[in-house]
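Residue numbers (numbering that gives the first Met the number 0), protein chains in the order written: chain A, 0 to 346; chain B, 0 to 539.
Check each hint, because a few of them may be wrong.
Label pairs and their computed distance ranges (CB to CB) [to be verified]:
hint, chain 1, residue 1, chain 2, residue 2, range
1, A, ARG324, B, GLN92, 49 to 57 Å
2, A, PRO300, B, GLN92, 45 to 53 Å
3, A, ARG324, B, ALA58, 49 to 57 Å
4, B, GLY247, A, GLY128, 31 to 39 Å
5, B, PRO53, A, ALA292, 28 to 36 Å
6, A, GLY128, B, ASP122, 37 to 45 Å
7, A, ARG327, B, PRO66, 47 to 55 Å
8, A, GLY21, B, PRO53, 55 to 63 Å
Which chain A residues face chain B? A few, computed with CB under 7 Å, are given here [stated by the list, open to error]:
hint, residue
9, PRO146
10, VAL147
11, ALA210
12, GLU212
13, GLY215
14, LEU218
15, ASP220
16, ARG251
17, ARG269
If you're looking for bench data, these hints aren't it; they were derived computationally from the structure.
All C-beta atoms, glycine included, are put in the ideal place defined by N, C-alpha and C.
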Amino acid sequence: MAPHPSSWLRVLPEGLFCEPGGFFIDPLRAVERAVVTHAHSDHARPGHAHVLASAETLALMRVRMGEDRAGAVQQPLGWGETLAVDGTSIRLVPAGHVLGSAQVVIEHAGSRAVVSGDYKRAPDPTCRGFEPVPCDVFVTEATFGLPVFRHPPASGEIGRLLASVTLFPERSHVIGAYALGKAQRLIALLRLAGWDAPIWLHGALAPLCAAYEALGVPLGDLRPATAAAKADLVGAIVLAPPGAIADRWARRLAEPVVCMASGWMRVRQRARAGGIELPLIVSDHADWDELLATLDDVGAPEIWVTHGREEALIHAATARGIAGRALRLVGYEDEAAGDEAGEADAA
Amino acid sequence: MIAFAALLERLAFTPGRLAKIALLRRFFATEPDPDRGWGLAAITGELDFEAAKPGLIRALAESRVDPVLFGWSYDYVGDLAETVALIWPGTGQAVPPALAEVVETLATAPKPTLPAIVAGWLDASDASVRYAILKLITGALRVGVSARLAKVALAELAGGRLDADAIEEVWHGLAPPYEALFAWAEDRGPRPDPAEAPVFRPPMLAHALEPPDLAALDPAAYRAEWKWDGIRVQLVATAGGRRLYSRGADDISPGFPEIVEAMDFRAVLDGELLVVRDGVVAPFADLQQRLNRKQPGAKMLRDFPVGVRLYDILFDGDEDVRALAFDARRARLEDWFAAHRPARMDLSEIIGFETIDALAALREGARGAALEGLMLKRRDSPYVPGRPRGLWWKWKRDPLTIDAVLMYAQRGHGKRSSFYSDYTFGLWRAAEVGGDELVPVGKAYSGFTDAELVFLDRWVRNHTTGRFGPVREVEQALVLEVAFDAAQRSTRHKSGVALRFPRIARIRTDKPAAEADRLETLLRHVAKPGPGSALDPLGP
């Protein structure tokens, strides 16, 4: 009988560790060997000696943290390729979260664990879609692990945004969006909806948008909001990090309609507390229905939950006859964390 | 229902008045009858369903959802209707019901049939429509739109031919879904005739008297009255019924049954609603107790007895006297009062004066708990709705001031969302552990200029010592001169005192924080019934 993954995949203070392979997955501090699922800063930390990830993730890590901090040795692994590492094999499979995001499929002595990283099932024009892989243990996130979180189709949210732009043509619409992933997805969705006008960017978003374009994701006419005359921003759509939309930076805009694109916007109190005038429910994480559908698709008899609302997801898994275990990995953030982080007058 | 749900969603998050009007106007312009009329009724609070109550919602949710998951979700979301709207299984791919169908069914369907009907609607709807349906049942839309604002938006639909006051004059004679009203607004039908209905008449309002106005004032042309600190009301008694309206056209009759009972006459009167005990007018905080109750109990009626001090007469019997001059109306009011002697009412006193200086002295002496200052009304002024210039003036007494220390700041809303513009300030008192400590006494978010706001915002950011969510704690180092109209005892405040209408009068960068005022100084200002407030006893 094959050894259960719990005998070779362990939780250490640094994070989830594959013992026979000698590597961590998304370690929370600098380690010798890291496999990184995607380039968000809570999963991709600087300073590892050896980093294995998708080519896109490595490219985005270099933009975020600089060539020298993104790993002394950076080893890309192509989609569908299998790499043998000390008695284990590693494969990267698209996770659908952001450009380059991958699930890590690890096999050892006849058993298979899949570490999802962050993922979503809804279509995203800026990245490859999630592919379910049957496994013995599925290590999942549960950021939106409550049944009240059910994201509507993103195209409908873009429709609401454009309707608001039509209704308030004399105001600018400023959208708070994560710099990596959310911002580019919104831009791509706006282009798909026919918005060909320039989209204005807070300075913090520009390098990652340029990186997406270099990696083959066209985003159209993007311009720096900082350099815009106030008149240019009348009726315009502006993207900025969540911390900047209601702060001093936003004073350059024309009577802004403050929008925020996040799965948390589903709950009114979250939107209201943030002073958001137009909440847009656009998330790069699986919602409740997607989490449950994924459990069915991968068919694992056991799930481990890395972070989020694990108690509700484990409760629902148990009702399906699936064993659940909470890993309680501290350090993976909520999607909208760091409201005040962007307060500094970033350009 | 989809358009109505989208409207509620936008209104709830939109802080700006003009933006709210734009959203309402678009809804009225694009939705058909009778849906838009039912929407208007829901927003103005005119709907109340006997059979459909919140208990129904909880029972429905428990029938469809795992109770453990429901419990965790309700804990997280904090609002029953919202939790059920979000958690309801299914994604609403069918055609949701029209608003008219929902409203008409909720009003007429027998109670035992409702759970199945509502469940069917929820199955057919998405989360946004589900929320709107459930909020119609729970009754509190909480979208921050007054009935008045809805009427302003409706008047815009008429493209300048009507104003909100014109709509006000027919409003209370109409019933949802207001098809005749929309027809009138769109110039497709005549003005709906309120006939004998007890409709609200838009009140006449005053401008604040500023020094240049005062210098130009001819004392012989004006009458003076005390300005009372209650709420302005309109009493309407016609063949069609009796109503007590607030200044904003809200029907507050059910909250004040003793006034309605005393309205055994036919007239439309303008006055001030006050809590009066043994002929002495109580502070506004006492009236607040009554305003918070939609239907007061016996103890409330006994402990907070109200009366109306009458200022003016709009209709004497069925005769519209608004076009008469103030002096002529006052004579009609006095004659009318002498003839009817209604219980719980008296006449506002006309204060004799020869010169503006004499009047100024009277105003200075007006320090009673329930006096705000003086009203000056032109003797020849007709009763004109709105705020016509030069006819009526309000001349509030000078505010009281204290020098307080800034303690906390919070960001504002709308245009001020990037500024720390809400300030909590405190005064010194002896601490139990020795030395002095600051105790918060109030919160102000007005009174400063734009330049002062920029200064305060920067000061807060540069002197932050702690953060609690949206609130910043700051160094106890900046003195603010705070103006306020009155100080009242309060058990709800840590300091034991509440300020009426506090605002920032000046930033005192010249004054060290240690020299700011002490709590004892403020407590000396706590309002006592003053000489001005014990006028003629009210009521029987």
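In ascending order, which of the hints set out earlier in this document are inconsistent with the structure? 1, 2, 3, 4, 6, 7, 11, 12, 13, 14, 15, 16 and 17
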